[in-house]
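The task is simple: from the sequences and hints, build the whole structure.
Number of protein chains: 2
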Amino acid sequence: MESRMGVRKPREPLSRERALAAATALVDAEGLTALTMRRLAAEVGVEAMSLYYHLPGKEGLLDGLAEAVVTEILAAVAAVDATLDGEDWRARLRQRFLAARVVMLRHPWAPALLSSRPNIPAEVYAYYDGIIATLLDGGFSYRIAHRALHAFGSLALGFAQEVFRPASAGGQADVEAAEAELAAMAEQLPHLTAMVAAEAHDAADPTLGWCDSQVEFEFTLDLLFDGLERARG
Amino acid sequence: MESRMGVRKPREPLSRERALAAATALVDAEGLTALTMRRLAAEVGVEAMSLYYHLPGKEGLLDGLAEAVVTEILAAVAAVDATLDGEDWRARLRQRFLAARVVMLRHPWAPALLSSRPNIPAEVYAYYDGIIATLLDGGFSYRIAHRALHAFGSLALGFAQEVFRPASAGGQADVEAAEAELAAMAEQLPHLTAMVAAEAHDAADPTLGWCDSQVEFEFTLDLLFDGLERARG
DNA sequence: TATGGTTGCCTTACGTCGTAAGGCAGTGCT
DNA sequence: AGCACTGCCTTACGACGTAAGGCAACCATA
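Protein chains in written order, with the UniProt record's numbering: chain A, 1 to 233; chain B, 1 to 233.
Partial list, derived from the structure: chain B residues whose beta carbon lies under 7 Å from chain A:
1) Pro111
2) Ala148
3) Ala151
4) Ser154
5) Gly158
6) Phe159
7) Leu223
8) Phe225
9) Ala231
10) Arg232
Quick caveat, the hints were computed from the structure, so don't treat them as lab data. Remember, it's a predicted structure, so these values are computed and weren't measured experimentally. Backbone N, C-alpha and C fix where the C-beta goes; we use that ideal spot for every residue, glycine too.
Shown next as C-alpha cells:
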C-alpha cells in the first residue's frame, strides 16, 4: 500500500541520472564553461549544495558526464556493429568510427572533456576492446592491433594527445587505481587484456595511451608516409 | 648620459617576456592548473594586478604561453630542417615531426593548452606552412597536401580534435579575425595561402582544422586501413 | 629648476567559483 | 514514541580573475 495523498507530486527527488542528463543538456546548449555547480543546481530546481548529495563534487560530475558520452558512443557502435555480421574488418571498423563520430558531432565538447579527464572512464576500455576484437577477427596480430590503435588516434574518440598523459600529473596512485580497475573487469575486456598480456608492457603502463613510445609514433608516421606516397599521383 | 646612481639595481622592471618565461617555468614544474595570476605574480616578485601592466589578462597570458611554445617548436624544426638539404620529403617530414615532438615532451602541457585556445596562435600557421612546403617540394598536389595535414593529426602538434573546433564557440567575430589575420600575413605563408586558394574552401573556413568534413575523415581512415592491411602479415 | 605626464607597481574591493559545516523538515523502522 | 536516515537548505570560507583608483619615481619640456 503506497501512500497517495496528493494529486500534485511535490517533486520527484532528483537523482544522479537526472543531474547528469541536465548537465549534458546544459553543456550541449551552452558549452563546458557554462557548467557550474550553481548553474546546474538552478537548472534542476535546487540549490547548489544539494547536488553534493547525489554527486561527489565537480570532478565527479565531469567524470559522470564523460562516462555518459562514452556510454552513448558504446550504444551507437554496438547498434551498427550488429548490422554488419558478414562484413570484413575494414567495413566494420569504418562503421564503428563513423557511428562514434556521429555521437561526437552531437556533443562537440566531448573530445575536450575526455582529454581533460585525469582518469580514463571505464567505458573507454570497453570501446577499445571492441575495436581490438574487430582487428583480431580480421586476422591482425596483437602487435599490429596495438599499433593500429595508436595510429587511429583521434579517429576513434575525436581527440588524441600523443605526448600528454593526464595521469602523469596525478601521481602514482592514479596509475595503480587504473590498473586495479582494469584488472577487476578483465573478463569483460577479453581482447584488451589479452593484447596487453601479449604485448607484455612494462607493469607501470597498462592503459592505452601511455605507451606513446618513439616506436609507436614512428610506426604511425611510416604508415601515413607509405599511404601518402601511394596517393601522390 | 644615463643615470647611474646606485650600485644596487633596485629591480629590473619586469616585462612581458620575463612574465612569460616565468609562466613557462611554473607550468613546466607544476602544471597548467598552478598558473594563476596571483601565483605567477608571486613568482616574479610582484603583486597580481601588476601583471596587467604587461599582459592583457589571463587569456592573454595563456595566448602568450601558447605562442611561446609554438615559437620554440618553430625554432627546433627550422634547425633540423636546415641540416636536411638533400633529403626527400619523407626524411624531412619525419625529422620535423620528431623535432616538434621533442619540444612537446619538454612541455607536456602544450597539447592541452593549444587545443584549448579559442584562437589559433599565428605561429601555428607558419608551422603548417613549412609542412606544406615540404610536401609540395616532394611532388604532392595541394589536395593531397591538405589531406595529409588532416591525416597527420596529433603527430604534428601533439594533439588533434577531429570534431571539436573551439572557434565555433566563439562566434562569428573570431572566425573573421582569424581570416583577417591570415590574410595579413599571407606573404609570409605562401604555401598555406596557395593551398587554401587552390582548395577553394568555403569562405567561412580558411583555417586548418575546421574542414573536418566527412571526406577528410574517411580519407584518413582509408589511408590507415590500407596501410594496416599491408602490415597485417 | 619647476612641472606635468607617463611608467610601473600597489591596495582595495567585487563577483564567481567549488565546497566544508551544519540545520531542518519529512519519512520509515523499531 | 523515538530515532535514524534522506533530501534539501543556509551560511560561510578561501581562491580565483579583474575593475578602479592611488602613489612614487622618472622624464621631457618650459
